[in-house]
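Novice: Sequence:
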Amino acid sequence: MSFLYSKKWKKGFKVSVVSMLLLSTFISSIGSERVSAASAPVPGGMGLEPVLWLKADSDATTADGLLTDWKDQSASPVGFELDIPAGKKAPSYNPGGINFNPSVAFDNPTGWNHYNSSVKFVGDKPITFQSGYAVYKFKSGGALVGATEPTGTNGVIIMGGYGDNFTTGNGVHSIFDYYNPVDRSRAQIVNFDIVSNTDHTARIDGAGAKFTNRMNFDKFTFTPVIGATSGRNYNWSGLVADVAEIILYDAQTANDASKIESYLAIKYGITLNNGASPYLSTNESEVWTVDSKYKHNIAGIGKDEAQGLNQKQSLSINAGVPQVAVGVNTLAATNADNSSILMDQQYFVWADNGMPLTYDQSINTPGQYHAQRVWKVQNTNNVDKVEIGIPAISVPAGYQLLVSDSEDFTEASGYDLSLKDVNGVPHYTAKAALKDGEYFTFSAWAPKYTSANVSNVSVTEDEVIVTFDEELDFSNVASLAGFKLEINGQPITIDSFEPGANSKTLKLKTSQIIPSNVSVIVSYDIEDGNLKGTNGAPAQSFSEHAVTKVDKSLLQAKVTEVTGEDLEESEYTPASWTALDDAMNEAERVLTDLT
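Numbered per this note's numbering, the sequence shown spans residues 66 to 660.
Think of the hints as simulated: they come from the structure by calculation, not from any bench. There's no promise every hint is true.
Stated by the list, open to error - In silico EDC-like pairs for lysine to aspartate or glutamate, Cα to Cα no more than 20 angstroms straight-line:
| id | residue 1 | residue 2 |
| --- | --- | --- |
| 1 | Lys500 | Asp470 |
| 2 | Lys574 | Asp560 |
| 3 | Lys450 | Asp481 |
| 4 | Lys450 | Asp470 |
| 5 | Lys513 | Asp534 |
Given the sequences, and given the hints that come with them, work out the whole structure.
Specialist: This is the structure we're talking about:
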C-alpha cells in the first residue's frame with residue numbers, strides 16, 4: 066500500500082470564447098512553438114516555454130526536513146502526487162544543498178523492479194519531450210525523469226544515469242543514448258536535445274558530451290515521474306541523487322541554450338565549458354566574457370527577473386581547492402536567508418587564474434606577499450559592496466583581502482579579515498566594493514625573526530635555536546641556505562640543521578663550542594636563502610645577536626660533582642682557589658636565575 070502526500074494544483078484562468086478563438090488563431094499563425102508571455106519568468110528569458118519546470122527553491126513544501134509537495138512552475142503545470150511506499154519516507158530536503166540553494170535527495174532501490182518500492186512524484190497528465198536541462202549530483206544515477214507507463218522492457222528515462230553515463234531513452238527496448246562525463250563530486254548541468262530522429266545532441270556543463278551509445282528516436286510523449294520509471298525486465302534503477310532543478314521542453318532549445326545554461330551556472334556555481342563560454346543574461350549581455358587566463362572556478366551572483374534568477378550569494382562548487390564565497394553585503398547560511406537586494410540585470414561574476422594559494426608574490430609592503438591565485442571580477446550594472454570569504458584553513462590569521470585594478474597588486478587596497486562561521490565552516494571574510502575589471506587576492510606576512518638562543522647540546526656540539534613568528538616549511542629543504550653564524554666577528558661553520566621543537570623554530574648545529582662570554586651573531590639573507598613559511602612566503606632577512614643559554618642540567622651535575630669531593634683550600638694555590646670559588650658562585654647564580 067502507498068501513502069499519497071499531495072494536492073493537485075493547476076494554474077488556470079477564464080477567457081471568453083472570443084479570446085480563446087483569437088489566441089488559437091495567433092498560435093496557429095506562428096507555428097507550433099509556445100513562446101512565454103512577457104510577464105512570465107522562463108529559463109533564459111523571452112524564449113520557449115517549458116512543459117515541465119521543477120526547482121527546489123520554488124513551491125517546494127516541506128515537513129520535518131522532508132519534501133511533501135513539489136509544484137511545476139510551467140505555464141500549464143503537471144500536477145504531482147508524492148507516492149511513498151510502505152516503510153519508506155519522503156525525499157529529504159536540504160535548504161542549502163547546492164551553492165546555497167535547496168536540493169532534494171532521492172535514495173531509491175537500484176534494481177530493475179524498483180518502481181513500486183520507490184519514493185516518487187507521479188504526474189497527472191502527459192507531456193511531450195524534445196529537449197531538457199537538469200542540475201543534480203549523480204550518486205549512483207537512476208531514473209531522474211521517468212514515466213508511469215512501461216512502453217518496453219526499458220522504461221522512459223530522461224537525463225538519468227546508468228554506470229558512468231547519463232542516459233536518455235523513449236522506453237523502447239534498447240533504444241537509448243549514453244553520454245558523459247559524469248563527475249560524482251559535485252552537481253552538473255545536463256542537457257539533451259532531440260534534433261531529429263537520427264540526430265541527438267548532449268552537453269554537460271555547457272560542453273559537448275561524448276556519446277558512447279547512440280540510437281534513433283524522435284520526440285516522445287509520456288506521463289512524467291520524478292525519481293523512478295515504470296518498466297519490465299532490464300528496466301533502469303530508481304534514482305539516487307541530489308536534485309536541484311529540472312526543465313523540459315517539447316521543442317528544440319538550441320537558440321536559447323547559452324542563456325539557459327548561464328542561468329543554471331550562475332545559480333548553482335558551475336563553470337561552463339571549462340571557462341571557454343561566455344555567460345549571458347536574458348537581454349543577451351555578456352555578464353562574463355571569456356578570458357583565456359581567468360577561466361577557472363567561475364561563479365557569480367545576479368538578478369534577472371525575466372527568468373526568476375535572484376542569486377545573492379555564491380561560490381564555485383568545484384571540488385579539490387578552497388573556493389571563495391561572495392555575497393551581496395553579507396554571507397548567510399542560504400541564498401534565501403540573505404536579505405540583501407540586487408536590482409534587475411545586476412551581475413557580479415568572478416573567476417581565478419588556476420594558480421595555488423602560495424603566498425610568494427611580493428607587493429609594496431615589506432614582508433607582505435600575495436597569493437599566486439588571483440581572481441578577476443566582472444561587475445555588470447554596479448553591484449555595490451560584497452562580502453568575500455575563504456575557508457580559514459587556507460588563509461591563516463592575520464592575512465588581508467587585497468583589491469586592485471592591476472594584477473601585480475602594487476597599488477592595492479587592503480581589507481582586514483575577520484573570522485565568520487558559514488554553515489559550520491570557519492571562514493575569513495572582508496567586505497569591499499569592487500569595480501568592473503578589478504582583481505582580488507589574499508596577502509600573507511612572511512616569517513620574521515623573533516629570537517635566537519645558543520644551547521649546549523653536548524661537550525662536542527652546540528646549536529643556535531632560531532624562532533620565527535610564522536610556521537616554517539621544511540618539506541622540500543634538503544640543505545638550508547642563507548644562514549651565517551659569527552663569534553666575535555669571525556664566521557663559524559654550520560654543520561647541519563633540523564626543525565625545532567615546534568613548527569616556528571629551527572636548530573642550526575655546529576661542532577664548534579660557543580663560549581658563554583662571546584658575542585654570537587646569527588643572520589639570514591633572503592637573496593641567498595631557501596627558507597619559506599608554510600604559506601609559501603619567503604623568510605625575511607635579519608642579523609641579530611643570539612642569547613647564550615647554559616644547559617643547567619650539565620652545570621648542576623658539575624656543581625654536584627665538585628661539592629661532593631670535599632676539596633681542601635690547602636690543596637690549591639691562592640689564585641686557583643679564588644678562581645674555583647668565583648666559578649662556584651657564578652654557577653650558583655646561574656642555577657638560581659629563573660630567566
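Novice: Of all the hints numbered above, which does this structure not satisfy? Sort the numbers upward.
Specialist: Per hint list: zero violations.
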